[in-house]
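With chain A's structure known, arrange chain B on it following the hints.
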Amino acid sequence: MRRSRGFLDRTAGLMVVLGVAGLVVGAGVAPFVWGAVGGPGGSVAVVEMHGTITSETAKAAVDDLREARQNESIRAVVLDIDSPGGSAAASEQLYLAVKRTGQELPVVAAVTGMAASGGYYMAAPADRIYVTPASAVGSVGVRGVVPPEGVPPGEIVTGPDKGTTATTAEVRRRVESLRQAFVGSVLAERNESLELTAEELSYAKVYSGAQGVELGLADSVGGLDTAIADAADAADLGSYEVVRMETPRPSALPGLGLRSNDTDPGRSAEATFDYRGVDTVQYLMLHGRLDTDRSTATREVIINGTR
Amino acid sequence: MERGDVARGVGAFVLAVLVVVAGTAVVGSVTGPTTDRSTQPTAPAYDTGELLPTAVADDGSVGSPDASEAKTVVVDVSHGNAVEPAAIGPLVDALVRDGHEVHLFTGGSSASTGFSTTGTSELNATLRSADAFVVVSPATPYTDDEIRGIAAFADAGGRVLMLADPVGRSGSGTSLPVPIGLPTGSSTAAGQPTNLAAAFGISFGSGYLYDMTENANNFQGVFAEPSGGTLLTNGTDRVVLRDAAPLVTDGNATAVLASEDTALSSTRKAGDYTVAARAGNVTAVGDTTFLEPGVATTADNERFVTNVARFLVTGEKAEGVPAPAGPSTPPGGGPSIGPPTAPAPPTAPNGTGSPNGTAAPATPTPTSEG
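Those protein sequence lines, which keep their order, are chains A and B.
At position 156 of the first sequence the residue is numbered 145 (my numbering), and the sequence of numbers has no breaks.
With the second sequence counted from 1, adding 559 to any position gets you my numbering.
Next comes chain A alone, as it looks inside the complex (with noise of 0.2 Å):
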């Protein structure tokens, strides 16, 4: 009895062990069942760039490209794109991590808003772009904010040029080789339907979206579940769920009065692009006219100097 019972004790430990190995190992293995079995395909990942192109806004998205890349079961990319543009390294980081994507997954944008200069330029290599007839695509364009030429009072610089980053010349010739680099992007990623030449892309017109596919700068009309559904059947998913991976929200910093009042369209916009508190060249790939405190500045200037 007593040599049976033992037996009887050590085989129920054994099946406890064994038992809770199981537990371990099924709950372990589980998801993957669910997901082959009972679960979606796969994932769309909508990532989102809305607003002005910032280093901090084109951060987040190149983290989430790179997250989309790595992550198995993001199958797709759907961009998100309502962007007058901005920065111009920025919108580069964005073509870059968008074409890098795009040899990985299939990426589809839809344009939401705005896909403008630097906007349009995380577009481009997209397979296919989705626009609406009020959207907006184009402005392939660049611009520099030059400061004043100088050196301020009370300040002791070691070069010319430690102020100002370069002459008017340089920074023209900056410029043009940024717009060169963007416009023969353009033409390179969008070189099957695109109907405009170099030149009549360089006077970085904004057309509407019913233009934009005329000329082929977008493919076609369609909102942005129309792209999450062509991504979804251009990765053969036929179950699949959404991922949204959305820009952040401008820091706080602004809210608490660290930036100027909303009041002031020229100083939010410096502060949005510059360094605060430093006022050096800007490249901007950015749509739209910029009413600077600089550009007040130099109106009131040229104003009093003349009356």
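Any given hint could be a false lead.
[Said to hold, decoys possible] These stretches of chain B come out as covered by chain A in the derived footprint (C-beta under 8 Å, 3 or more residues):
| hint | region |
| --- | --- |
| 1 | 567 to 578 |
| 2 | 776 to 782 |
[Stated by the list, open to error] If you want the ones that stay clear, here's a sample from chain B, every Cβ over 10 Å from chain A, calculated:
| hint | residue |
| --- | --- |
| 3 | Asp595 |
| 4 | Ser597 |
| 5 | Thr598 |
| 6 | Pro612 |
| 7 | Asp618 |
| 8 | Glu660 |
| 9 | Glu681 |
| 10 | Arg707 |
| 11 | Asn754 |
| 12 | Asp796 |
| 13 | Thr808 |
| 14 | Thr813 |
Treat the hints as calculated values from the structure; they're not laboratory data.
Please read all numbers here as calculations on a predicted model, not as lab measurements.
We treat Cβ as the ideally placed atom computed from N, Cα and C, and that holds for glycine.
Frame of chain A, contents of chain B only:
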């Protein structure tokens, strides 16, 4: 508890740990975090060897006009002219180096405000002792008396140079119009000597010239070539104008510089546009930027600047012209005090300008300038 049971318990614990670790390793090797195996995309337009634009040659220096005798050049700043001495420095330097005198005509103590009734005769008196007269981007129009004086000055051999940029300079690359109500800034400051140029059969056009393909590293930097061998284009093959307005001339004026295959911003029409013209002793150039220190030595600009300086100081002007004003301008001032002596507008007054109806017919309607 027997020693064997303890050993078995430890063995079971070790086994459980091994199972968990091995399971984690197996599952992790299959589904664990993957590295980004994507490859660097090829950006066809990012070839840095191809991207860098060629700088416009900037290796010359403005020469000397080499005039035989010292002359006096007057630069008008009395009409709200958008000209700073530094902006035309290379021209002034060339003249001064060659021994000529350069005066700024400020119009006396109050003429610059537009409220002087004696500015006209002051200008004529100044021109009487001058050999050349330079007008750069005036904001206010010239009076009829002034135009008559300048015309007489030119007829007598005095050299007149008129320079103006396009009205409403625009350097942005956007295509949408400026929002209504937002002034474009310099458009309120720099003007064109419209009525003065018209007296010599020259008209400054609206809008700026641009060239999207062959340009000086910016669409607004257009090249201009000589239209014919003249004093002004001697030795000049290609001039860079950074903000050029087209000129329209009548039969008496001849084109000096023309920009070929450029387009005009206001009409978007491509064509050949005259940017510098000469009518006898009067020369007009639809650009002021070629005189700026940073631009005056690019391409063949230094030759053109030298030629312009030579043009100013090689005239043979008769003495005492323009003659003092005749009896049509009575001394001592008229009954009306305050309004500037502006020229009559081209269109008839709309009636709101004369509140009491007693104004003499010759009294010009006050204008908003100034």
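Which numbered hints does this structure break?
-> Hints 3, 4, 5 and 6 are the ones this structure does not satisfy, whereas the remaining hints hold.
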